[in-house]
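When we follow the numbering used here, the leftmost residue of the sequence shown carries the number 1029, and every step to the right adds one.
It should be emphasised that the hints constitute simulated quantities derived from the structure, not laboratory data.
Any given hint could turn out to be false.
For lysine-lysine, the following DSS-like pairs were computed, each having C-alpha atoms within a straight-line distance of at most 30 angstroms [stated by the list, open to error]:
1) Lys1212 to Lys1139
2) Lys1355 to Lys1479
3) Lys1479 to Lys1417
4) Lys1509 to Lys1160
5) Lys1335 to Lys1370
No experiment lies behind these values; they were computed from the predicted model shown.
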Amino acid sequence: MSIYTPIAKDGETRRVLALRSPIDLEPIGELVCANREDVQAAVARARAAQPGWAAKSFAERAEYMNRALKVLLARQDEIVDTVVRETGKARSDAMSMEIFAAADSLCYYAKNAQKFLRTRKERVHGLMGIAKQLRIVYRPLGVIGIITPWNGPFVLGMNPSVQALMAGNTVVLKGSEVTPYSTKLVEEIFREAGLPPGVLQVLMGDGQTGAHLTEAGVDKISFTGSVRTGRLIAETCGRQLIPCTLELGGKDAMIVCEDADLDRAAAGAIVGSCMNTGHYCCGTERIYVVEKVYDAFLAKVIEGARKLRQGNALGFEEDVGAVFWDKQLEIIEQHVEDAVAKGATIHVGGRRNPELKGLYYEPTVMSGVNHDMQIMRDETFGPVLCIQKVRDVEEALLLANDSPYGLNGNVWTRDKEKGFAIAARIDTGSVSVNDMAMSYGVPAAPFGGRKESGIGQVNGETGVRGYCHAMPILIDRFGGKELPSGYPYTQKKAEGMKKLMNFLWNTPVGRWLS
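Take the sequences, apply the hints, and build the full model.
As structure tokens, then:
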């Protein structure tokens, strides 16, 4: 968490944040926010470094990623300590989300980026294919601005940066003011791996620093965060005619069918809602259970949630950590209070943990919820399971799609083909069958949202290509003195074109050739 304290630094007034840990509310440092000049200087360094970086082969770039992977593994305890101190998340969540996922990203893109971005030949259709050859070249966009949130401060900085770097771009990365030291570690890892100066830089700052980055002349913005900020970034990028990728959160639905394995489904609901203290965009926030199994499912969830361990010892024996940010805790409390006032029932939790000093909210199970409540409409981003009874799968689908969000979702049934068919009808970015939100953790899967959950996709081949311009190059095979379509235009050429079009699209042989 952070508190603004404007003070004079280096002869000028700078925005300075006093940082406190959500674990015990004790000070952990201060953050001096980068100003417009700082941002412009970083972008200028990145611009100067980009041609040299792009000139390196894929194998050379991959070698830097492999070195970074070794540094990451050697420093993993330090990274986990930093992340836990700033966020208060459970140590196991920090290990799996921040370390494992970042290491997997470094390894995957080092191995596969060349395959994704190799120059490829495409067949030119019709008669033109006889005379022309088409090649697609993937050219890096240049300087990429990446803005990331506080819920995965290390991995959400590392993962897009690796993709942009392997595509031949340089990166200016700005993390959240709530968790600045965790994101700064991305720069430290690459510096220790020997990455050339200017190729990846991390800016320390707040929302204003991020705004400066969007206006600093970069070639693309990759943003993960709130819908409100995403709209502002889209407007800024639109004015500059530069692309952006926006991943803006979700309100993911879970559908439990009557033939589901209820033990597995209940376990999936608990971890899907409470992992990372519920602070992840693919968190399960709406659970729709077919009435035939509703009571049994609810009982299993209540039993499982009561066993969750919450504490501040910061070891691997704790399941649910602190709420990362005091403002998010206020939202969680507001949503729960609104639901209770409108008739929802709390079975487990529903309050701050009275035994812990920091920002700890107890894992919470609620039933009797409906779409008149904030907690079923707006993003809660907390460790709360909201369970609603439905008549059948059709009602569950209707409710699942009744949301302005569409990032992820999950379906639970013993029939995998049935699960696939239901998943394909959910109006969302991706879906898991018989598992909680795994899509972002599978590098090969393109990841992105529908509706207010964002624009564009990241990860995999799609994500890496998104940091490039697909440049078509059309090559004439045979040459010749005269261009068929060249000047001068004549009546004879026009009549010949008419005859050619009639042959191509008005005769069986012509349609076959074209």
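Hint-by-hint comparison with the structure:
1. Lys1212 to Lys1139: holds (25 angstroms)
2. Lys1355 to Lys1479: holds (25 angstroms)
3. Lys1479 to Lys1417: Holds - the C-alpha atoms of Lys1417 and Lys1479 are around 25 angstroms apart, at most 30 angstroms.
4. Lys1509 to Lys1160: Measuring from Cα to Cα gives roughly 16 angstroms; hence the hint holds.
5. Lys1335 to Lys1370: holds (28 angstroms)
In this structure, every one of the numbered hints holds.
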